[in-house]
Amino acid sequence: MIEVQDLVKHYSVAKREGGFSNSVRAFFRRERETVKAVEGISFSIQPGEIVGFLGPNGAGKTTTLKMLAGLLYPTAGRIRVAGFRPQERKRAFLGTIAMVLGQKQQLIWDLPPADTFLLNKEIYGVSDADYAERIAELTEMLDLGGLVNRQARKLSLGERMKCELAAALIHRPKVLFLDEPTIGLDVNMQQSLRDFIADYNRKTGATILLTSHYMADVSALCKRVIVINRGRLLFDGDLAAILERMAVEKAVKLHFSAAVDRGRLEAYGKVAAADGLEAELHVPRGAVAALAQRVLAELPVADIAIEDTPIETVIGRFMTAGPAPS
Amino acid sequence: MIAPVLRYCRACFRASFAIMLEYRATVFLWILAGLTPLIMMFVWRHLAADAPLGGRDPKAFSFYFLTAFLATQCCIAWVVWNVDYQVRNGTYAIQLLRPFDPWFAELIENVSAYVLRMPLNVLITAAGLLLSGGWELIVPGRLPAFLLALLLSWQLMFNTNYALALLCLWSERAKSADSWIYIMLYTLGGALFPLDFLSPGARAVIAWTPFPWMVNFPVELLAGGVPPFPGFAMQAAWLAVMVAFHRILWARGRKRFGAVGG
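The listed protein sequences correspond, in order, to chains G and L.
Take 1 as the starting number for the first sequence in the numbering used here and just add one per residue.
Take 1 as the starting number for the second sequence in the numbering used here and just add one per residue.
Relax, there's no trap hidden among the hints.
DSS-like mimics (lysine-lysine), calculated; alpha carbons at most 25 Å apart, straight line:
| hint | chain 1 | residue 1 | chain 2 | residue 2 |
| --- | --- | --- | --- | --- |
| 1 | G | Lys203 | G | Lys223 |
| 2 | L | Lys255 | G | Lys90 |
| 3 | L | Lys255 | G | Lys36 |
| 4 | G | Lys270 | G | Lys253 |
| 5 | L | Lys175 | G | Lys104 |
| 6 | G | Lys90 | G | Lys104 |
| 7 | G | Lys15 | L | Lys175 |
| 8 | G | Lys174 | G | Lys203 |
| 9 | L | Lys255 | G | Lys104 |
| 10 | G | Lys36 | G | Lys104 |
| 11 | G | Lys90 | G | Lys174 |
| 12 | G | Lys223 | G | Lys174 |
| 13 | G | Lys270 | G | Lys250 |
| 14 | G | Lys104 | G | Lys154 |
| 15 | L | Lys255 | G | Lys15 |
| 16 | L | Lys255 | L | Lys175 |
| 17 | G | Lys15 | G | Lys36 |
| 18 | G | Lys223 | G | Lys250 |
Here are a few chain L residues that sit away from chain G, every Cβ distance over 10 Å (derived from the structure):
| hint | residue |
| --- | --- |
| 19 | Ala49 |
| 20 | Gly55 |
| 21 | Gly133 |
| 22 | Asp178 |
| 23 | Pro200 |
| 24 | Gly201 |
These are computed hints drawn from the structure, not numbers from a lab.
Each residue gets a CB set at the ideal place from its N, CA and C atoms; glycine is no exception.
Please put together the full structure from these sequences, using the hints given.
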């Protein structure tokens with residue numbers, strides 16, 4: 001469904017150092033530099049797969065996604081999505097894909113989402129019967145209820161994101177690009193969107209390429225991940241393999257009712273941070289439950305939170321460990 | 001191909017018109033922002049109160065500036081501002097994901113604003129012509145040609161705007177072109193003074209720009225002061241140039257477009 005071979009994207013940006021004199025200098029002589037956003041990556045994705053596309057900020061994930069969606073023109077390399085060259089922007093291609101940008105919205109800000117849905121119905125030539133059926137289905141799956149008749153700007157971030165997804169799926173795309181769809185959402189809303197994406201994939205067989213900074217998104221949805229950094233492919237394979245190797249710890253965040261010194265904490269695990277009333281311990285995954293019981297019993301704990309290692313950290317470790325692209 | 005485009009345009013119109021209705025007060029402020037020709041009418045009427053100026057009496061100035069007001073109102077487009085804003089905050093990507101050229105969405109947004117604004121503009125012009133006696137200078141047989149000239153003025157300005165807007169695909173900032181184009185429209189178009197006040201040499205130079213054909217030409221056409229066809233030919237020629245220009249910019253600009261922001 002998606003074939004990418006030796007994909008490259010370079011672009012030129014103006015650069016200058018801060019300060020007034022540099023502003024004046026740049027006015028007369030602007031310096032430019034070439035950013036190598038994507039440097040020869042290759043991969044292929046089968047129909048119906050959900051693949052996590054991971055990497056730290058600035059790795060080239062969104063740039064790659066935008067090239068796959070036909071928004072950006074590649075500098076070099078070959079892309080095929082559903083048999084099309086995205087950069088040609090053929091109508092049939094654009095009717096086959098959808099892209100949801102977590103930080104950009106397609107909902108018309110001043111109108112209810114229902115109006116954006118109707119606009120998309122006409123854009124993609126969806127018949128009245130199909131539209132009615134899909135809206136009913138999306139309303140049920142995403143629990144849209146009365147949201148669609150309220151002005152988009154009056155909706156919460158999570159409600160808007162649900163409507164964004166519904167708007168993007170009205171034409172039932174075969175390929176879905178999701179760029180950080182859960183960014184900024186609370187835990188419950190993240191979970192409900194994850195469930196929806198998994199359901200949608202099961203029901204329609206759509207191919208989904210997902211970027212996210214939330215480990216939970218990736219682990220709930222993707223069997224396979226592609227990791228890139230500085231535009232180069234570092235890993236393409238099973239998520240389980242990379243997590244097994246790298247996400248061996250969890251973070252235990254503690255708030256104390258009375259100050260606890262660092263020396264005392266070192267008996268419980270690796271101390272990542274300690275500030276009297278707050279501390280963060282890194283503990284092997286298998287030992288978390290026992291450790292939680294111990295600290296609750298032995299230390300003046302006012303609050304405790306157990307978190308997965310951030311995906312950035314896992315990827316950071318992965319890169320330090322000296323990966324070998326597969 | 002035509003049916004999907006028409007369906008898309010109809011849907012865009014509904015959405016754009018609904019937004020315009022949400023912001024109807026702003027639409028009327030746009031009319032107020034375009035009152036300069038009417039202000040100039042009072043200035044020039046005052047100057048010609050005692051004796052005709054350049055062969056025009058107060059009634060002739062009323063006719064000139066009221067019809068110039070209508071012509072400039074047909075030339076208001078905020079495409080440069082729109083595209084500049086979308087490119088800089090990254091939402092232009094949403095337009096590019098649609099299986100239609102973004103030109104259609106901009107055109108229809110422009111149309112929906114006119115549908116809301118033009119009845120009031122026509123009312124202001126008609127009332128002004130009746131009250132000032134300027135209507136006596138209208139050559140009734142020229143009305144259809146005048147309307148066609150206004151239509152071409154609108155398309156010429158819209159496509160000029162669109163061409164400048166596409167410079168955003170290179171610079172990501174084309175908003176300054178927006179101010180420039182309206183200064184040119186008002187000065188070289190004849191919305192501040194009748195162009196026959198200029199020297200023949202200056203008029204000859206200005207005639208090679210698109211601006212006099214947007215305002216001065218329709219006004220003089222309605223008064224029977226100029227023959228229709230050289231003016232229509234210039235409007236059509238400039239329109240063809242601007243459409244060709246933005247097609248080239250679109251084809252090349254897309255390859256350079258940075259799709260900034262996330």
